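Student: Residue numbers (the numbering used here), protein chains in the order written: chain L, 1 to 181; chain Z, 1 to 716.
The hints are all genuine.
Pairwise CB distance ranges (calculated): (1) Arg677(Z) with Arg119(L): 50 to 56 Å; (2) Arg119(L) with Leu184(Z): 34 to 40 Å; (3) Asn679(Z) with Val135(L): 51 to 57 Å; (4) Gly126(Z) with Ser132(L): 44 to 50 Å; (5) Trp57(L) with Met169(Z): 38 to 44 Å; (6) Met21(L) with Gly77(Z): 38 to 44 Å; (7) Gly101(L) with Glu361(Z): 50 to 56 Å; (8) Arg119(L) with Arg599(Z): 52 to 58 Å; (9) Met21(L) with Met169(Z): 41 to 47 Å; (10) Arg119(L) with Pro175(Z): 40 to 46 Å.
Here are some of the chain Z residues that sit facing chain L, going by a computed Cβ distance under 10 Å: (11) Ala27; (12) Gly135; (13) Glu136; (14) Val154; (15) Thr212; (16) Glu246; (17) Thr260; (18) Leu264; (19) Phe270.
In case anyone wonders, no lab produced these hints; they're calculated from the structure. Here the structure is a predicted model, which means the values were calculated and not measured. C-beta atoms are modelled at their ideal positions from N, C-alpha and C, and glycine is treated no differently.
Here is how the chains run, residue by residue.
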Amino acid sequence: MSTHTDVFAERLRAVGGVPHMVRAPGLLDAVAGLIDAHQPVLLTPQTAWLASGLDEWGIESVVTSDPPAVLESALRRCGAGVTGCVAAAASTGTVLVGPEGVGGGLASSLPERHVVLLRETDIHAALGDVLSVLVERFGDLDGEAVLITGPSRTADIEMMSVVGVHGPLSLDVVVILAEST
Amino acid sequence: MALRTDIGAEIHSALASPTLGRALESAMATLGSRRALAFEGLDFQAGRSQLRSIKEDAIERNDVLLARLVEVVEQRGGHVIVAATATEASDYVARLAVERGVRLVVKSKSMVTEEVHLNAALEAVGVEVIETDLGERIIQLADERPSHLIVPAVHKTKAEVIDLFAEKMGLADPPTEAEDLTRLVRDDLRERFLQADMGVTGANFVVADTGTLVVVENEGNVRLSTQLPPIHVAVTGREKILERLEDVAPFLELLPRSATGQLLTSYVSFITGTPSTPPLDLGRATGSTVREREFHLVIVDNGRGAAAADPELRETLYCIRCGACLNACAPYTRVGGHVYGADPYPGGIGCAWAQVTGDVEGAAHINGLCTTCSRCTEVCPVNIDIPWLNTVIRARAKAEGGLGWRDRMFARADLLGAVLSPLAPLANPLMAARAARAPMRLIGIDPARRPPRYERETLEAWFLRRGRARVPRPERRVALFVDCFVNHNLPRVGRAAVVTLERAGAEVVLAHTSCCGRPAMSQGSLEIARGWAANNVEELARLVDEGYDIVCLEPSCLSALRDDYRRLLETTLPAGDERVALVGSNVYDVTEYLVQAAREGWSRLRLEPLVERFVVHGHCHQKALGIGSAPAELLRLIPGVVVHEVEALCCGMVGSFGYKVEYSELSQALGARLFTRLNEHEGQVVTCGISCRSQIEMGTERLVAHPVEVLVRALR
Ligand code: SF4
Ligand code: SF4
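Okay, chain L solo, but in the shape it has when bound:
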């Protein structure tokens, strides 16, 4: 693993997220292992390819671009959302999640658990590098792009840090390790 990856994992833990290191062939199992099979999982058009594999694990999935009627009946029950990501910053433990097609933002904001798929090669050293990626690729990121640094949190009552407010209560980042490492 590269040093960026180590630093990223450490910073992510510091902000309350959980890193998982996998090799490409183990990706599906890793994702399935993070998901409660009793609830449907919310996928985006970009992660929709996971659906058939997850089905083998007995996990039902809904895609954010499914017809409104499907979403309307399933959204409340989704326990986890799975998205990809465009880039990550080791210095802050941040992932940059793009719009990922129709309705993509729902998968990273609504369910209690957010699972992010990150390629190791997309980890940059500093936040500034990720912001440069955001600027360069903004054309593709039209809609909503979001920098996510840990699960939702607050300190509004007597400055006590509490994890899990309106956004996801937990953030898992599955890092797909590069072949050479």
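Got chain L; can you put chain Z with the ligands on it based on the hints?
Tutor: Positioned in the frame of chain L, the structure of chain Z with the ligands alone reads:
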């Protein structure tokens, strides 16, 4: 909002609250230390000068950027309105809600919507508004207004929140842990997010080139408010516009660090155009007629355009609402944002925001709470000179209402001295008797406060009598700036300084100048101060040209000469006049000067050991000028001494502030923290400020000395 008339009474009840002070003090301390930690290893000065120049440029070209933004957002299918007034902004949203059959609005935290009283406008047309930020939700349930820019319910303790939730949610057995209270709100609001017809957010930055809103948050409520409801309305001030997406990046480095001490918040959303989700019907039990997704951008002017063209107020518009200035502000920390705040904007910067947005009365009401200590400016990520903004606003209020007797008196420290010094044998015993001071209350002066003693022989008279000392082969030539207080009240400090400087190898003359103007500035008499400043600059620049270094004894005068004159004279001196800068870079605090002399190796001071202990209190203006440790360093030149520096807390006296009836109680409350620290250590208390000295003497009954008074005792 209740009519506010008596700031003294408001301060009194805030100080009397059993919970407020505790809640604020611990929150501000936590925020302050998290901030300090977050900036470790980062070049704050370089970062903030970058932010400052981006903001200066963006405000300079605000009209052009606004036009571009409107065009881009409309091209992308959004609706834009530029609202000239607060009412125009809130009416637009209320009308939209009615037209679209909106019944329920979920709202994330936004100061601008507080400024335009959006909730009241929506409620007036029968729309239910739910605040979703935890702190804002607490405030909404309690039917209060926010008291901090970042932590709106910071004035409430957990116990108060528990009681509030129990009452408003009808809970017999409410949870007691912050975590469970938070979960309670999550569960309570989840369905509202799903069912709302409209989501209202603010924006931290708006990018003209791309039409992108950038919203910084932690709770995830901004994301849900923009993803779920079919209509998204963003309300923002026109000062939030930046030109390019690249310009946002440096702000993201400094804003979260300044606000909450985080390297980055949980979410930073970049929203461009309307969301791609089709409008879902997740049980909107309402008559909403929306079938298409809509995005409306409400850009609020409400005085901002005029402020951009006003060189004295313009820098208010650089504010990114991070709240760091509040956390550093001692008066704010004692009384909170409901007292030190002009609804909805808290603290010293709140006074400026009130002035900009047309709440001139609100601004005038809280203006006197600023002690001009500059603690806020030190931490501001865009380097806003908040005390100067407050000074300007004070001057404008006084220009409207005229100066009262008390203001006139405090403005003229020079005259008071000139009149009272010759009368010293008469005046001193008289003023020392509290009973004799009772009538002072009539002009707003607290009779419990002991006024300073006047000395019959002023420093100037002494210098004249003694004559100029011959220093053989002088290393330096010093012109001592004679301030009103040392001259009339504490000439012995001046005498000690003259002798010490001479023994160090400097030839000393007294500068023939007027009052520095600080007391006049504090009372809002900028015209008087300007006149003196112009004279002083002329005389001091002449001395500098002749090879003199200017040395000050009172840090408040030093800061006027080094710092405030630039602002004071920027509009009056001809462009290209370098004299202010020349004086500013050749004026020194006496302790700084002597420490530098020793370090540079030219000082001829030979000091006897003193086996004594000293406790040093740093003056706010020394701290602000970055020379906070000079007094202690100077004392440490004396062999044998034990010097303890206490944390530089504002003493609370601040010239005339502590003498004024309405602020006297706050002044003593501010001082109390410092007194406790000082009393933890034995020894001679040492400080440079004259008003710090009298505050500490009154509050601790200990004698206080200026560092040069100590040094002179050690001269060999
Ligand atoms: S100068 Fe001092 S008192 Fe005034 S706003 Fe700033 S921190 Fe507060
Ligand atoms: S004045 Fe400066 S420190 Fe205060 S809120 Fe504005 S940007 Fe932050």
